[in-house]
Amino acid sequence: MRGSIPGYLRPHVERIEAYRREISLDLYLRSSGERTVGDRTIHGRYPELNDGRLFQTALEAGDLTYARALLSMFITSSTDDERRRIGTALVPGLEQLAAAQRQWLDEYGSIRAALRFRTQSELVSAVYGDVRAWLRHAETYLASTRDGFLREAAEWQRRDGRGRTTTFTAFPIRGVPLPAGAVASDSAVRRTAATWGFGAEAQRIPIDLVPRPGKLAGALCGRIDPPRDVRVTSQPTGDSFEYVLLLHEFGHGLHFTVGPDRPFDLFGDDQAITEGFGITFGTVASEPGWLREFAGVTFDDESLARMRFGDMLSARLQAIHVLYEYKVFSGAIDYEKEFVEIYRRETGIEISPHLALTRMLFFLGLQPFYALALYQAYGFRDALWQRLTEVAGETWYANARCHPLLADLFRTACERDLTGMFGTLNAPMPTAGAPR
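In our numbering, the protein residues as written are 1166 to 1601.
Just so you know, the hints here were simulated from the structure itself, not pulled from any lab data.
Predicted model, so just to flag it, every value in this text is computed and none were measured.
Hints are supplied without guarantee of correctness; some may be wrong.
Pair ranges (Cβ atoms, derived) [as the list claims (entries may be wrong)]: (1) Glu1213 / Val1556: 42 to 50 Å; (2) Thr1201 / Glu1272: 42 to 50 Å; (3) Arg1576 / Arg1267: 42 to 50 Å.
Ideal Cβ placement from N, Cα and C applies to all residues, glycine included.
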């Protein structure tokens, strides 16, 4: 974070930046398919940063932002990259996948025990503080929107000829096929950023759309050496979701290019904030005005409704996983049974119990409770959207009046936590309401 650096971290700043640069580049190259095997020698070059001692020091000092960042270094260096990413690996058969995931989870538990935390919920409480208000918020949100969501989900299933059973965790999140003549996603995204007044910054961010074997199915922003070296890689899908993914990741790219003066400014940053930027900009890609102006396409009402439903489902999935994962973290539950039941209750589908750990393990090697950051990000999106509308109008995404606010938020995000950012937006914390 930008500002006063604690004494115990001051001697390590340049080494932290170098370490982050190496692991970020390695992750980016693997995600883009340019590297098939991770470089495991990286972690051995920085033992003083990833042996857990600095994490304990930050925890004892009450510096939770730095504690979370240092914990990520410890966990990442201690787990096997291939198992950390096993949620997306091509394992033959769901039963074999589930068995491999359980083995990884056992190993993760041993690593956590080395830090003297018996359960994952204890670790979460140590580095996030009391999360009970967010758990209550997620419960309230799901309950208050359940009936309406299930009615709409059933209607989409009927229209699409789908049953209730699926092996996928996000079955209705489907993009609308793009018509011939649609603007290429990278061109549409760069022009959008230029319209917001970030044309020069946008040109400095490479966008990789090259299809390669082993490339990440979605998209990723690599903050390799921010603000100078920030890259985005994405897998073209040929539908409207391609714009959503790329605008989301490019939103991270703008944040990481405009906000920091040096890489350490982002060390310990609150992931809910940058995810909030990404989700906000990804939401723009479902706006009819943006689609006409920047993508050169016009969709009918049913297609636009499908996109809105996809956004609603995405927000709902974050709430589902906040509650489900915290129960798993607390122990003493049949997690496969709980997984099936919460999906049945909150989405109306019958999901395979063998996928109970897939999404959770995708993030667990990086952050102890990333589902919380993603859920918080939707609340931040709502507050940011409201403020942008006040400043630049309903179509804020199509003019430059949003530039001063966005530039200031990108900068101050390096100095404030989530509560501080809500204050900057003159908005209450979302625990007082629910995501839209």
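Verification of the hints:
no., hint, result
1, Glu1213 / Val1556: 42 to 50 Å, "holds (45 Å)"
2, Thr1201 / Glu1272: 42 to 50 Å, "violated (23 Å)"
3, Arg1576 / Arg1267: 42 to 50 Å, "holds (44 Å)"
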